[in-house]
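Following the hints, position chains W, F and D against chain R.
Number of protein chains: 4
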Amino acid sequence: MGNPTRVLVWNEGRHEKTNEAVSKIYPRGMHAVIAEGLKAAGGFTVQTATLDDSEHGLTEQILAETDVLTWWGHIAHGEVKDEIVARVHKRVLEGMGLIVLHSGHVSKIFRALMGTSGALRWREASERERLWNIEPSHPIAAGIGDYIELPNEEMYGERFDIPAPEQVVFISWFEGGEVFRSGCCWQRGHGRIFYFRPGHETYPTYYHPQVRLVLANACRWAAPRLFAAHSCPNTPPLAKIEKRDIDIAHVPHLSRG
Amino acid sequence: MGNPTRVLVWNEGRHEKTNEAVSKIYPRGMHAVIAEGLKAAGGFTVQTATLDDSEHGLTEQILAETDVLTWWGHIAHGEVKDEIVARVHKRVLEGMGLIVLHSGHVSKIFRALMGTSGALRWREASERERLWNIEPSHPIAAGIGDYIELPNEEMYGERFDIPAPEQVVFISWFEGGEVFRSGCCWQRGHGRIFYFRPGHETYPTYYHPQVRLVLANACRWAAPRLFAAHSCPNTPPLAKIEKRDIDIAHVPHLSRG
Amino acid sequence: MGNPTRVLVWNEGRHEKTNEAVSKIYPRGMHAVIAEGLKAAGGFTVQTATLDDSEHGLTEQILAETDVLTWWGHIAHGEVKDEIVARVHKRVLEGMGLIVLHSGHVSKIFRALMGTSGALRWREASERERLWNIEPSHPIAAGIGDYIELPNEEMYGERFDIPAPEQVVFISWFEGGEVFRSGCCWQRGHGRIFYFRPGHETYPTYYHPQVRLVLANACRWAAPRLFAAHSCPNTPPLAKIEKRDIDIAHVPHLSRG
Amino acid sequence: MGNPTRVLVWNEGRHEKTNEAVSKIYPRGMHAVIAEGLKAAGGFTVQTATLDDSEHGLTEQILAETDVLTWWGHIAHGEVKDEIVARVHKRVLEGMGLIVLHSGHVSKIFRALMGTSGALRWREASERERLWNIEPSHPIAAGIGDYIELPNEEMYGERFDIPAPEQVVFISWFEGGEVFRSGCCWQRGHGRIFYFRPGHETYPTYYHPQVRLVLANACRWAAPRLFAAHSCPNTPPLAKIEKRDIDIAHVPHLSRG
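Just so you know, the sequences run in chain order R, W, F and D. Each residue of the first sequence is one higher than the one before, counting from 487 in this note's numbering. Each residue of the second sequence is one higher than the one before, counting from 487 in this note's numbering. Each residue of the third sequence is one higher than the one before, counting from 487 in this note's numbering. Each residue of the fourth sequence is one higher than the one before, counting from 487 in this note's numbering.
The shape of chain R in the complex, shown without the other chains (with noise of 0.2 Å):
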């Protein structure tokens, strides 16, 4: 495709207006971060969005012009209005991508998409974490190489209850002793969904050039290769069909009464 990939960076947007932290590390909003992060990497055209935004910044209009969403999201996902989700899910089905990003493994998106609780383990411990890059062919990891270190990250473990991914490009380990499927691929309908788990709100980690590149292969990854509505229709036979009698006289059941 010749064409930029459209993507929608969509952030939650509340952490940077309360929390001093945050805000020192993320000023304008992590979807700022990682936009310029997409906008660096190039082949993109990037937007922003965020929940306080009017219909949250998802109106039918902006969806339909979307590659790929990206979504933040932590302390409310409650908020998420159920018909904007359904508008969003509509919208992957039919070809556009997604990516999830960290504590999105409870947003209401990817728990419709994926169909499960998204539950886990977690500490918050400023501790290591190696992103082992399992899956070095796949176009994610293209230019990662045996892995990424973050000197701080928030934990997650096992057992993360999602679907068995269809590709398990990264898996992670953590100084504490755990384990996680930090980079899982899906497809549902005709769009493909990423989640990529570093990205807790208290640490510089979207300014990280590795995970900058990973999302900005996740989005190439994820850009849609069609766009179709599903729909149920009624088919004609490739010839007529002959009619044969339903044969109820030998349902012993029926037979007997």
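The reader is advised that the hints may include incorrect statements.
Remember, identical chains collapse to one label, so a pair may be satisfied in a single copy or spanning two.
Calculated lysine-lysine pairs in the BS3-like style (CA-CA distance at most 30 Å, straight line) [to be verified]:
(1) Lys525 / Lys594
(2) Lys567 / Lys726
(3) Lys729 / Lys503
(4) Lys576 / Lys594
(5) Lys729 / Lys510
(6) Lys594 / Lys503
(7) Lys567 / Lys594
(8) Lys729 / Lys576
(9) Lys510 / Lys726
(10) Lys510 / Lys576
(11) Lys729 / Lys567
(12) Lys726 / Lys525
(13) Lys510 / Lys525
Keep in mind that the hints were calculated from the coordinates and are not lab data.
Just chains W, F and D, lined up with the frame of chain R:
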């Protein structure tokens, strides 16, 4: 497990009341015939429930005593209450097996677990269907030979909008020119799910001995190995984690300002 | 990748020499016709090679300059030398794409990569085949509509003894009553593998525009994202590991003695 | 199945003869200790065999009486005869279960079934390993809690060059900074295969009660549901197929000539 598997056979139960052709074949309802087949197979205690029962026959109490739920619905999917769908969904994630039958492909519970539309193409022409057994060593295919042949069935054709199944056990051939993934397995949470295509209400499909064998096999396969709720525990580390400073000095956008 | 993908079209090339019906359809060999289709699609440099070439046309040098290999063989699988199969196998694991065609289902290279027998049922009756496109958003299905219809083909029927494919793109319907997983994707090492069913030597299948489109799509999909050898490195730890005694005191069978 | 599962525990058996540290832990060989664990679990008849037995203890007769084979090898993979590997391979495809242990990741039989190199990174530093149970409802994880902790093991780290497993049951965390898919399931032909990572010869791993439980669970899971040879039958159609002319008139390259 020495104990019998507790199966609850759920049926919408509307066609039987309004369509004479259906009530001739299933005078006491499809659920009665499906339940009979399971009882005859042995190893199960079998209850039934229908849409018009109080709470659709799916109270907390009843679900707590159910290992595997089978689901047949068609014209009244919309009447199934959302809170009861959520209740069944939660129970599946905790371990209950679910067998989704025929037109259940667009039931609320199936779509909630799959995250997809369940769309497919279809035709009612009383045509021949052959379900090829592509995994003869799968427990659900035990005792089924090369294929099951049904002289008269409704056609369901690809593309079927489902997540790629974890195992495909049967693929159907239809006289009129279509194919369909007719026996599909997934796990969600701790629960096992099996979708089985045949079972249009105007044909005596649930009397067919091989169809009955598949249903009994599927209920055995889907019997829970454990029941467990999902939660997000805060977890202590293996050993005390030494503090490292959060390095924002090297973040270009921050150090610039 | 701006550079054209380097495709090597490999053909056993024996039927064309001994069977007049085949040589009428493929006077310069199937490989010539497959190569023509790829050249017409654009984005490829295309070479050909046959069994009777020196080293089967698969020297170290030639393989080192090949991104994607297509493989057609049938009556002379046994004549392909084991050391050359091993050479191709190694190259696939390092990243080269492999497109296995029709009767290649029991070729040495396909069985070596799959680990299974490749067994299936078959019939030569010039019957109609419809390949249903079950993943319209998969790159290999780009531009293919609902199905490909071939008026005359050999039948291949399930059960096909292959590892469960990572993606199934096409499922065939045959006039005589069978189904088949006709377009199947796997990854082995860093290499992508696609099996595509049609292509019996007595039919002009490789002239069919949709078949040609699938082959071009498949060669693009299988183009390597990286080439890397596989090794078992001895790896230093993140930090010095403190020694712990090996505790055999509590091993009952040892402490008893 | 009421009958006990017939397990054959195979061991290379060389370290025990040449390395005093190993012979101290496994004076009668690892196979004796693994066999003991299975016998204690119940439901099995257990035999053992070693590399130095006639035909490596893997005669046609013995394999014909084996339901599940466990395989430990390390320094003498190359001495296992190719025709015996082929014999075991054929038996797996026909239905026999195979449990591949630790350094068996590069055994001939594992590589033949997987089609990949089995490469990984490694370190011998007597470090702590935690195998996280990521599928607590999988039969192989029955009775295992959140994780298995081994105080001293050899490290195996990703990337592990295997086909994407059909189920991943355990992921290991290592003290030195690595992760590993330590419990992996596949099906090939009608046979089930489980790879289980721990078991370095210089540690008393096969005495560990949770390791023993995994091995017993795995042998139960891998017990064959059916044994069947693979063949390519020529199959009659459902109904006579009317002949259609093979249309080469419209093939441009042919009609031109």
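inquiry  = I want to check one pair: Lys525 and Lys594. Are their C-alpha atoms no more than 30 Å apart within a copy, between two copies, both, or neither?
reply    = Within one copy only: 28 Å inside, 40 Å across.
task = Since the copies are identical, ignore which copy is meant and state whether Lys567 and Lys726 lie within 30 Å (CA to CA) inside a copy, between copies, both or neither.
result = This pair counts as neither: shortest intra-copy Cα distance 49 Å, inter-copy 41 Å.
Lys729 and Lys576: within-copy, between-copy, both or neither at 30 Å Cα = Result: close neither inside a copy nor across copies, 39 Å intra and 44 Å inter.
task = Tell me, please, which holds for Lys510 and Lys576 at an alpha-carbon limit of 30 Å: within, between, both or neither?
result = Neither: 36 Å inside a chain and 40 Å across chains, both beyond 30 Å.
message = For Lys510 and Lys525, with the copy left unspecified, which applies at a CA distance of at most 30 Å: within, between, both, or neither?
response = within (22 Å within a copy, 56 Å between copies)
request  = Go through the copies and call it for Lys729 and Lys503: within, between, both or neither, with a Cα cutoff of 30 Å.
outcome  = between (69 Å within a copy, 26 Å between copies)
ask   = How would you classify Lys726 and Lys525 at a CA-CA limit of 30 Å: within, between, both, or neither?
value = Neither. Shortest intra-copy (57 Å) and inter-copy (40 Å) distances fail the 30 Å Cα cut-off.
message = With identical chains, the pair Lys729 and Lys567 could be close in the same copy or across copies; at 30 Å between alpha carbons, which is it: within, between, both, or neither?
response = neither (51 Å within a copy, 39 Å between copies)
message = My question is about Lys510 and Lys726: at a cut-off of 30 Å on alpha-carbon distance, are they close within one copy, between copies, both, or neither?
response = For Lys510 and Lys726, only the inter-copy Cα distance (27 Å) is at most 30 Å; the intra-copy one is 71 Å.
message = One pair to classify: Lys594 and Lys503, alpha carbons no more than 30 Å apart. Within, between, both, or neither?
response = within (22 Å within a copy, 38 Å between copies)
query = Can you tell me if Lys729 and Lys510 fall within 30 Å by alpha carbon in one copy, between copies, both or neither?
reply = Intra 75 Å, inter 20 Å, cutoff 30 Å: inter-copy only.
message = When Cα atoms must be at most 30 Å apart, do Lys576 and Lys594 count as within-copy, between-copy, both, or neither?
response = The answer is both: 13 Å in one copy and 15 Å across copies each meet 30 Å.
Of the numbered hints listed earlier, those contradicted by the structure are 2, 8, 10, 11, 12.
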